[in-house]
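Starting from the given sequences, assemble the full structure and let the hints guide the process.
Sequence lines, in order, name chains A and B.
Quick note, the first sequence lines up with residues 29 to 418 if you use the working numbering.
Quick note, the second sequence lines up with residues 112 to 556 if you use the working numbering.
Think of the hints as simulated: they come from the structure by calculation, not from any bench.
It is possible that some hints are incorrect.
[To be verified] In silico BS3-like links for lysine-lysine, alpha-carbon gap of 27 angstroms or less:
# : chain 1 : residue 1 : chain 2 : residue 2
1 : B       : 214       : A       : 340
2 : B       : 268       : A       : 171
3 : B       : 324       : B       : 288
[Said to hold, decoys possible] Some but not every residue of chain A turned toward chain B, in silico, with C-beta under 7 angstroms:
# : residue
4 : 136
5 : 159
6 : 339
7 : 343
Glycine residues also receive a C-beta, built at the ideal position from the N, C-alpha and C atoms.
Each chain is listed here by its residues.
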Amino acid sequence: MSKMSQVNALVERADALYRDADFTAVQRWKEANPGAKAVGYLPIYVPRELIHAAGMLPVGVTGHGDIEIIRGDAYFQSYICHLPRSVVELGVSGRLDSLDGILFPSICDVVRNLSGMWKVMFPDRWTKYFDVPQNFDMEVGGKFYRAELNSVRHDLEELGGKPILDDALRASIAVYNENRQKLEALYDARSRKPWKVPAWESYLMVRAGFVLPVEEHNALLDEYLALAMARDEKSKDHIRVVVTGAFCEQPPVEMIRTLERAGCYIVDDDFLLGSRWLRQDVNAEGDPIFALADAFLNHSTSAPSKYQEDGKNGEALVAIAKEKKADGIVFCAPSFCDPALLDQPMAVAAVERADIPYTSFLYSENTGQFQVIREQAGTFADSIRLWSNS
Amino acid sequence: MSGAQTEDVHKEPSMRLQKDMIGGHFQALANAKKNGKKVVYTFVPGNLAELLAAFEVLPVLPEINALQSGMRKKSGMFIGEAEKLGHSEDVCTYVKCDIGMLKNGNIGPTGEKLPDPDLLLLSYTGCFTFLKWFELLRQEYDCPIAMLHVPYQADGKIEPGHREYVVNQLRTEVIPKLEEVTGKKFDIDKLREHLKLSVQAEDDFVAVLESAKHRPSPIDSYFGGVYYIGPMFTSFRGSEAGVTYYRALRQEVEKRLAAGVGPITPDGPMGEEKFRLVVEGPPNWTSFREFWKMFHDEGAVVVASSYTKVGGLYDRGFRHDPENPLETLADYCAGCYTNLNLPQRIDLLCQYVEEFDADGLLINSVKSCNSFSAGQLLILREVEKRTGRPGGFVESDLVDPRYFSGANIKNRLESYLQMIDQKRSVGVSAAPGMPHSKVDVEMGP
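Here's what the structure looks like:
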């Protein structure tokens, strides 16, 4: 098989995982591991290390844009984003039956309330709202967060019927550190040679980690990156953009392809941000709960759902754009996403101060028409190519 | 939480008293800089009124500014202004109204400019939007910000660790910043004195809310209720003025109770009480009087509401505890309605329907407030199922006049009340699973 065929096969595999609304990979994993449990989590961030250390499979539940919403719409008013509709649809249609529990992280009011809805709708399943501190003092917010981590740990121990030992947790931290390093390598390669590592492929590779065991995902990332970088692709006359705003409800992968086809190399983004929430390795020695708390409080990424303590909203985005030598920024948020859209005016102000061109549009996970986005992105790319000073 | 009124409006004496109190507060704000008073912007749910009073600072509550702009018919213009500046159509209109008002000179309801804040106290209770709101305001003002993160009651109770977390933040973040801004040392005994005053007012406030259990109810616990919660949820909890107000209000309500008469509406005393409703969700402010009229014209009185609990569930027994000043502030913050999880909210609404012998639950779902609105359709179903009484559903917004469709709401409300009437006439209450007035779609796993 040629290198091209091999990379295509990997992409096809990841694409199949992405489109599989029945979570077949999770079912297969459970069949291969009799008695083992799978625990879902919503965007953005949960400490998957805890689930892994319990011998369970962490499963990302990011909604689904391709499924028909039959009952999900009956739970939400028209002005609420799409993600909870498809999550409810997945739940009530039995597609999440392979999950033995689910974590709802602290993102926004909608996901927060969805955690309570889940308790009412699925009273027999373990459902946990995972609160995270907005105070970043280790003695204050850190203490609270350690208690939250221990609470999840305790619940997982009950669910699994066995203790989560510190050694197991340290080993899980180590394997997720590898995962973070490989994701970082993928993003770095994409930024350097986006014609070899297109964003839509990269997206599928990251997304595969939402249903695969982390060890398998690590191997997949290695294999893909090696094959992708070895292929014979030439650079095109595209502009380099950073996409921001898509950290929770995910855009259809076709939308990412549309941006690239419109002449935009996506050299960084906040898709599936939870996978890259921690920006450096977590200490795999010593107290693992303390290490996870330290990483969250002191080494996590900037995001609209997280309190910007220094008041410099948007500056992290500008820094990424500069670091990745982006020509422009694409604000691309889901409709009715409070954190992204409330943050956007501040981020736009920072981007304008830095004199970086930008454009913006809204999507939802089930957006099916991309012509307008293609025209807008194409015009944006043309304007930079033709008239920018650089 | 009250707003501007026109002169032909019928007012209860307590409303006049409240108007004078609010007028005095805005006067004090207008003169704050001249008089060397420090000004703290903060939010209504889980506000730290007693702590602010202990530091002798003047609070400004942006939600109140926004709702007053709504009642004064200015919010549409302010929201439009904010949207022109790049704020999304999809987000909270309180925020956009406040930003628009700020960009138009920050003129308060008395026609005088509100002073700039000396501190932004981000008491982040039950609403993620608060966090972004003050991040936005911080871009406009050169002042410090104190963050108070209040954990959600995800498991239906205030965990000891959550209380400790809030107390730690009060000690290490909020109080030091108040000391820095005011130049005053924190005096815990002074805080205790204010908390004692809160308790007095809280007792009278609860008596007023509980009066709606009588037939006819002497109060409307939603439209009238927003006036009754005004001093308690804003600047007057923990003050002598607050104690005086709630004593006067209680006496006024008890007088009506003894006379066997219903609530006073803006159009005069309400006629025969025909329907007793529990309402979930905030009211619409841009057409507040029109909205209320739709109810009282039909003889519908709201006997209990969740909106009047956004500043605390006093009716479920919470009282500030002067013996444990910081812990009681933590419990207060964590106990506000929008910080309760969905199962707690359902339980509470079911209790209200039963305890107040209501005909059913009506939800006013506002576009702006996901904290309230996300999950309301499930709440409606569950309350119907558990109480066997029909639910109704109307939609509007807080302060965006574009989202108030009077004809639609009136139509839905009338249909809902007719449905209640029909069920009465055939001698049955709504059975579980019976269709309600908006959606009749199969739900549930």
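Do the hints match the structure? See the list:
Taken as a hint, the residue 214 of chain B and residue 340 of chain A pair is honoured in the structure, with Cα atoms around 21 angstroms apart against an allowance of 27 angstroms. Taking the CA atoms of residue 268 of chain B and residue 171 of chain A, the gap is near 19 angstroms; set against the 27 angstroms cutoff, the hint holds. With a CA separation close to 44 angstroms, the supplied pair residue 324 of chain B and residue 288 of chain B exceeds the 27 angstroms bound. Look at residue 136 of chain A: its Cβ gets to within about 5 angstroms of chain B, closer than 7 angstroms, so that hint holds up.
With its C-beta approaching chain B no nearer than about 5 angstroms, residue 159 of chain A sits inside the 7 angstroms limit, and its interface hint holds. Hint status for residue 339 of chain A: holds, given a least beta-carbon distance of 5 angstroms to chain B, under 7 angstroms. For residue 343 of chain A, the shortest C-beta to C-beta distance to chain B is roughly 12 angstroms, which exceeds 7 angstroms, and the interface hint is violated.
Violated hints, listed in ascending order, are 3 and 7; each of the other numbered hints is respected by the structure.
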